[in-house]
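Q: Now for the letters of each chain:
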Amino acid sequence: MTCVGDESDAARDDQALVARVLLADDRRAFEQLLRRHQGMVRAQLRRLVRGNLAEADDLAQETFLLAWRKLHQFRGEARFSTWLYRIAYSCFLQARRKQGPGAEHQPVDLHEPQNWPDDRADRRLDVERAVQSLSAPEQAVLLHVAQLGLSHEEAAYVLGMPLGTVKSHARRGQARLRVLLADWNVIADKEFGR
Amino acid sequence: MNDGFDDDIAALLRDGFGGPVPDEGFCDRVILQLPAKRHNRAWPTLVGIAGGAAASGISLVSAPIMASAWNAWPAGSSAQSVLALMAAGLGLSTLALAWALAEVQDTGAISTLKV
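Sequence lines, in order, name chains A and B. Mapping of the first sequence onto the numbering used here: residues 189 to 382, in sequence order. Mapping of the second sequence onto the numbering used here: residues 157 to 271, in sequence order.
No lab work stands behind these hints, which were simulated from the structure alone.
Here are some of the chain A residues that sit facing chain B, going by a computed Cβ distance under 10 Å:
id	residue
1	PHE218
2	ARG223
3	MET228
4	ALA231
5	ASP245
6	TRP256
7	ARG257
8	LEU313
9	ALA363
10	LEU365
Using 25 Å as the maximum straight-line C-alpha spacing, the simulated DMTMM-like pairs for lysine to aspartate or glutamate come out as follows:
id	chain 1	residue 1	chain 2	residue 2
11	B	LYS193	A	ASP213
12	B	LYS193	A	ASP214
13	A	LYS258	B	ASP184
14	B	LYS193	A	ASP201
Just so it is clear, the structure is predicted and the values come from calculations on it, not from any experiment. Backbone N, C-alpha and C fix where the C-beta goes; we use that ideal spot for every residue, glycine too.
Put together the whole structure using the sequences plus the hints.
A: Next comes the structure, spelled out in structure tokens:
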């Protein structure tokens, strides 16, 4: 987990790189921004498209090309990473609109090649199933708040939702997960030493 | 973590989240796709606007319709020349409004993506 100081340093570095791109048309600075943020943007999109790696990478590429073209519109009011998440989420929504209403109900690909102990793999499956039982807005809010580590305000900015709506989706989603994952909570308590 | 967020649930969700995706050549592919930056220079637009306004002014000043409207307007007459000028003004204002809205849509957000 990163601390606040690290985050503000990272945000300052991002701002400096953005300034270099805008003032000097510095492609290397943009490349650094790309390398710093591609991992989390692609992770966000992989979750949103439910494990379709090729589609996630296409959308991530589209996200960064848009960011390159529209960088002059980045005002620095949000963190650069948050701005990228917002573009990525918009690209995802636009792709879904093109694909039509059935596209949202694809199964999650849970077969990434990871050698986890059986117990952890089972838990992950159960968490995934429980998350899938939530509504799409609840899933999106929990992804951005719990997994990507955004504040409620940042999640509201990324998802284009009012802050109160984000908070109520987070509350409802958590309540549902608490019930569905009650057994795993006990195990997690032991595992994480609580 | 956000206030009011359940730590147990957050821990389970984070545990299921794979974290950042390794690069595996992604950045190199994107860099190859980056187009050259287009520099939006303001001067051609400004010269065009100034030139168009000057040409319109010169042609209107010497046109009889302008003198006719100039005389009829204060008298409250709805002469054809006044109506024609009002229609032209309305049309130009509408075009300018549409242009301004299109510009705002393009620059105030990430194009049509509502970002």
